[in-house]
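The whole structure should be built from the sequences, with the hints applied where relevant.
So the protein sequences, as listed, match chains P and Z. Note that the working numbering has the first sequence beginning at 3, numbered continuously upward. Note that the working numbering has the second sequence beginning at 22, numbered continuously upward.
Derived by calculation from the structure, the hints in this document are not laboratory data. Fair warning: there could be bad hints in the mix.
Pairs of lysine to any residue, SDA-like flavour, derived with a Cα cap of 25 Å [claimed, not checked]: (1) Z:K144 - Z:A99; (2) P:K123 - Z:M66; (3) Z:K197 - P:M156; (4) Z:K58 - P:A116; (5) P:K142 - Z:L67; (6) Z:K197 - P:G154; (7) P:K123 - Z:V71; (8) Z:K110 - Z:P462; (9) Z:K197 - P:E112; (10) Z:K197 - P:T107; (11) Z:K197 - P:L119; (12) Z:K110 - Z:S211; (13) Z:K197 - P:E109; (14) Z:K58 - P:E120; (15) P:K142 - Z:M66; (16) Z:K340 - Z:A64; (17) Z:K197 - P:A116; (18) P:K123 - Z:F68; (19) P:K123 - Z:L354; (20) P:K123 - Z:L67; (21) P:K123 - Z:A63; (22) P:K123 - Z:R86; (23) P:K142 - Z:H69; (24) P:K123 - Z:Q246; (25) Z:K456 - Z:D122; (26) Z:K197 - P:K142; (27) Z:K58 - P:L119; (28) P:K123 - Z:D62; (29) P:K142 - Z:V71; (30) P:K123 - Z:H69.
Computed footprint of chain Z on chain P, listed as stretches where at least three residues anywhere in the stretch have a Cβ under 8 Å from a Cβ of chain Z [what the hints assert, rightly or not]: (31) 4-17; (32) 109-122.
The C-beta atom is built at its ideal place from N, Cα and C for all residues, glycine as well.
Spelled out from the first residue to the last, the chains are:
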Amino acid sequence: MMLSRTASNLYWMARYVERMENTARILDVTYRMSLVPKDSRLADQEWYAPLYITGTLYPFTGRFNEVNARGVLHFMTIDPDSPSSIVACARAARENARAVRGRITSEMWEILNATWLEIQKITDAELTSDRLLALFEWVKERSHLFRGVTVGTMLQDEAFQFNRLGTFMERADNTARILDVKYHVLLPSLQDVGGAVDYYQWAAVLRSVSSFESYRKVYRDVITPLRVAELLILRADMPRSLHHCMREAYEILRAISRGQSNEATRLAGEMHAGLQFGRVDTIFAAGLHEYLTEFLRRTGVLSDEVARTFFGGGQSQQQVQAA
Amino acid sequence: MSFDSYYNEMYLADGAVRSHYQALADWIATTPHDRIKQMRDAANMLFHRVGITFAVYGEDAGAERLIPFDMLPHIIPATEWRLLERGLKQRVRALNMFLHDVYHGQEILRAGRIPAERVNGNKLFKQEMVGVDVPGGIYAHVAGIDLVRAGAGEYYVLEDNLRTPSGVSYMLENRKMMMRLVPELFARQSIAPVEHYPDLLLDTLRAVAPANVENAVVVVLTPGQFNSAYFEHAFLAQQMGVELVEGADLFVADDTVYMRTTTGPQRVDVIYRRIDDEFLDPQVFRPDSMLGVPGLVSAYRRGRVTLCNAVGTGVGDDKSIYPFVPDMIRFYLGEEPLLNNVPTWQLRNREDLEYTLAHLDELVVKEVHGSGGYGMLIGPTSTEREREAYRQRILDGPENFISQPTLSLSTCPIFVDQGVAPRHIDLRPFVLSGKDVVMCPGGLTRVALREGSLVVNSSQGGGTKDTWILNG
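Right, dumping it as structure tokens:
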């Protein structure tokens with residue numbers, strides 16, 4: 003038994019930590035792609051991708067004239083008014099944690115509080131090419147640390163389950179978005195499909211979700227789009243794959259529903275089954291981008307159902323994702 | 022170190038160390054200054070990391086500050102503490118009896134010991150409580166009584182806080198910090214522990230559950246995380262192992278209070294509320310309150326839930342009632358008060374008003390309903406202009422003010438960059454009333470960090486210290 007609001011705060015705390023990490027990952031992959039040598043006419047075109055996939059293109063263009071590396075990096079890291087910026091996620095994670103301090107361990111709280119205190123010190127001066135990757139690493143490490151401390155210190159009760167549910171719901175959403183980056187980053191020309199640029203871009207996607215080594219281990223072969231998609235969508239044993247995330251979400255929902263049937267659990271089960279029995283060539287036949295778009299729509303519906311079933315409301319007010 | 026006319030907690034007039042401070046004095050003398058400085062910085066960093074902060078009203082929204090912490094403890098010998106404890110318990114007993122009386126037979130008014138209009142015409146007197154029986158007849162379950170010590174070392178009660186007194190979390194966190202920083206001082210002498218306060222509080226709250234309730238469900242009700250004392254609310258809920266709820270988490274059905282949980286409604290029996298009366302229930306008090314619970318007061322009046330502290334305790338800690346507390350003790354307990362009141366002029370009385378206006382530069386003038394150190398005039402440190410402005414405010418409504426002599430509050434050394442220096446302090450012990458009246462040995466020592474300042478409130482630049490009750 004726990005307060006509905008507490009459950010909601012725990013869930014959103016975890017989601018924002020995960021989102022903070024994934025914003026860093028999205029910027030990381032974009033930055034790596036921007037380093038691939040290419041036609042100067044296409045300079046900066048990669049920087050549309052993070053805005054598309056986080057659904058913040060219009061908020062951005064409403065405030066800034068030009069889409070370029072500097073502007074997007076500022077907007078998505080230290081701009082407090084940008085909804086998925088790293089600093090905004092850190093703040094939202096901390097505020098949710100602060101509302102449930104009594105329900106989480108002091109170590110968990112201290113990590114989020116310290117992250118928030120540190121992150122406010124970051125200025126535009128840190129967003130230079132030589133320090134950028136270190137910043138992304140640091141953000142990812144804080145998120146790893148938080149999850150590790152959660153698993154290592156928290157009583158594995160209902161509060162723990164809502165926290166984990168938030169992690170996997172957000173991660174499923176974010177992996178789908180990262181995979182979709184490739185769709186938004188155009189190749190210089192049709193002849194480049196399957197060429198060196200294409201290869202580097204897919205490799206960047208893999209690296210951004212820490213899956214490059216796993217890819218090599220699983221396939222022992224060259225990088226192809228089909229296999230990258232298979233790895234990140236359908237492999238149950240890849241911790242960031244859609245299949246893995248939905249399996250976890252489904253199991254957690256079953257546990258916290260305690261035998262009661264509800265739409266949230268049914269929906270998660272349906273999505274999980276689709277991933278468990280899905281085939282990558284079917285996905286590609288219909289179009290990867292289309293598949294991912296539909297997946298994101300359904301995770302949105304699932305999130306609303308979770309809120310309705312457990313948090314005593316519909317769309318949670320903390321949900322700021324526009325996409 | 023300079024010596025002055027104030028009572029110095031640590032040193033005798035000839036500069037010798039009072040015996041109960043000897044171990045501390047030795048420690049200061051043998052610990053390198055830089056080492057103490059490092060400890061202080063480490064303490065500040067830890068407080069920040071842990072987020073032991075309070076929000077400051079009127080500054081940029083959501084700003085959080087640390088309450089400055091001073092490493093040198095305020096030490097009281099156990100023999101002296103026992104006298105204080107008896108006096109404090111006596112006072113709180115009488116105040117609870119007074120509150121019960123004013124909402125029932127009003128014997129004390131009929132006996133002519135307190136002018137009736139002072140109670141019945143008081144805006145903190147809650148008509149809704151008239152004739153309502155609360156469990157055990159207890160109103161102020163948690164009382165914070167502010168003590169000061171004047172020139173010759175004699176104690177005075179400066180103020181009774183019977184509504185939602187705060188600060189106990191700092192008492193506990195300061196102790197934790199001191200045990201971490203100077204464990205050797207705890208090993209070397211016998212310092213009374215305070216860590217069991219949350220258990221005492223939970224026992225107190227359970228003891229006043231509605232009749233026929235077993236295993237009472239207790240919750241802490243907070244206005245939310247932007248309230249200045251939110252840290253404390255969350256801290257106490259966590260330490261007691263009970264839910265921290267906001268108004269929106271509760272609802273009332275059939276005069277029963279429930280909280281909304283992931284598995285459906287759960288009945289609530291005792292609410293340790295840290296929300297003012299006015300915001301508790303929009304159906305009864307302020308209709309625009311978003312913090313409260315509609316129907317709560319109705320459930321409370323019917324005895325279906327217990328509110329701690331009770332509604333309407335403000336009439337007991339109002340500064341216009343304060344002068345009568347010694348008389349209450351005599352009236353209800355038939356005892357002589359063990360603790361003194363500060364002499365108080367009530368400006369509703371013509372003579373007191375005239376005296377006060379003629380001596381504004383010597384006196385402290387306070388608003389009758391005020392708290393937190395806001396809206397007061399400290400004569401000796403005020404400017405001519407401030408006094409003139411205040412004189413106008415007094416003349417606009419003299420009944421809203423009292424005045425008191427400016428007490429030469431005792432000083433206790435604090436750690437400063439140059440060494441140690443004396444600063445004025447006060448002490449807020451907490452008195453819990455449930456089945457019994459119980460106390461933790463100690464309290465929250467507040468210190469005015471600015472040299473010469475007499476204002477110890479955290480909202481006005483005050484800091485805190487650990488308080489040690491030392492067995493000799």
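How the hints compare with the structure:
1. Of the supplied pair hints, the one linking Z:K144 and Z:A99 is violated, its CA atoms being roughly 40 Å apart against a limit of 25 Å.
2. Between P:K123 and Z:M66 the CA atoms are separated by roughly 16 Å; this keeps the pair inside 25 Å, and the hint holds.
3. Restraint check for Z:K197 and P:M156: satisfied, since their Cα atoms lie roughly 22 Å apart, inside the 25 Å limit.
4. With a C-alpha separation of about 22 Å, the suggested pair Z:K58 and P:A116 falls inside the 25 Å cut-off, and the hint holds.
5. About 24 Å separates the Cα atoms of P:K142 and Z:L67, which keeps this hinted pair within 25 Å; it holds.
6. Using a Cα cut-off of 25 Å, the hinted pair Z:K197 and P:G154 holds, with the two alpha carbons roughly 24 Å apart.
7. The straight-line distance between the Cα atoms of P:K123 and Z:V71 is roughly 18 Å, inside the 25 Å bound, and the hint therefore holds.
8. Between Z:K110 and Z:P462 the alpha-carbon distance is near 12 Å, which keeps this suggested pair within the 25 Å criterion.
9. The straight-line distance between the Cα atoms of Z:K197 and P:E112 is roughly 16 Å, inside the 25 Å bound, and the hint therefore holds.
10. Using a Cα cut-off of 25 Å, the hinted pair Z:K197 and P:T107 holds, with the two alpha carbons roughly 17 Å apart.
11. Under the criterion of a C-alpha separation no larger than 25 Å, the hint pairing Z:K197 with P:L119 is consistent with the structure, at around 23 Å.
12. Proposed proximity of Z:K110 and Z:S211 is supported: the alpha carbons are some 24 Å apart, at most 25 Å.
13. Only pairs whose Cα atoms come within 25 Å are accepted, and Z:K197 paired with P:E109 is accepted, the gap being roughly 16 Å.
14. A distance of roughly 23 Å separates the Cα atoms of Z:K58 and P:E120; the hinted pair therefore holds under the 25 Å criterion.
15. A C-alpha spacing of about 24 Å is found between P:K142 and Z:M66, which places the hinted pair at or below 25 Å, so the restraint holds.
16. Only pairs whose Cα atoms come within 25 Å are accepted, and Z:K340 paired with Z:A64 is rejected, the gap being roughly 37 Å.
17. Distance check on the hinted pair: Z:K197 and P:A116 sit about 20 Å apart at the alpha-carbon level, within 25 Å; holds.
18. A hinted pair counts as satisfied when its Cα atoms are at most 25 Å apart, and P:K123 with Z:F68 qualifies at roughly 19 Å.
19. With a C-alpha separation of about 60 Å, the suggested pairing of P:K123 with Z:L354 is violated against the 25 Å cut-off.
20. For the hint pairing P:K123 with Z:L67, the CA-to-CA distance comes to about 18 Å; that is within 25 Å, so the pair holds.
21. A distance of roughly 20 Å separates the Cα atoms of P:K123 and Z:A63; the hinted pair therefore holds under the 25 Å criterion.
22. A threshold of 25 Å between alpha carbons decides the hint, and for P:K123 with Z:R86 the separation of about 17 Å falls inside it, so the pair holds.
23. Simply put, P:K142 and Z:H69 have alpha-carbon atoms about 23 Å apart, close enough for the 25 Å limit, and the pair holds.
24. Distance restraint check for P:K123 and Z:Q246: the Cα-Cα separation of roughly 23 Å lies within the 25 Å cut-off, and the hinted pair is therefore satisfied.
25. Our distance criterion of 25 Å between C-alpha atoms is met by Z:K456 and Z:D122, whose separation comes to about 19 Å.
26. Restraint check: the Cα-Cα separation between Z:K197 and P:K142 comes to about 32 Å, which exceeds 25 Å; the hinted pair is violated.
27. For the proposed pair Z:K58 and P:L119, the alpha carbon gap of about 23 Å is at most 25 Å, so the pair holds.
28. Proximity of P:K123 to Z:D62 is assessed by CA-CA distance (about 19 Å); at most 25 Å being required, the pair is judged to hold.
29. At most 25 Å may separate the alpha-carbon atoms for a hinted pair to count; P:K142 and Z:V71 meet this at roughly 22 Å.
30. Proposed proximity of P:K123 and Z:H69 is supported: the alpha carbons are some 15 Å apart, at most 25 Å.
31. Beta-carbon proximity to chain Z at under 8 Å applies to 6 residues in the stretch 4-17 of chain P; the threshold of 3 is reached and the given coverage holds.
32. Counting residues of the stretch 109-122 of chain P whose CB lies closer than 8 Å to any CB of chain Z gives 5, so the stated coverage by that chain holds, three being the minimum.
Checked against the numbered hints above, the structure breaks hints 1, 16, 19, 26 and satisfies the rest.
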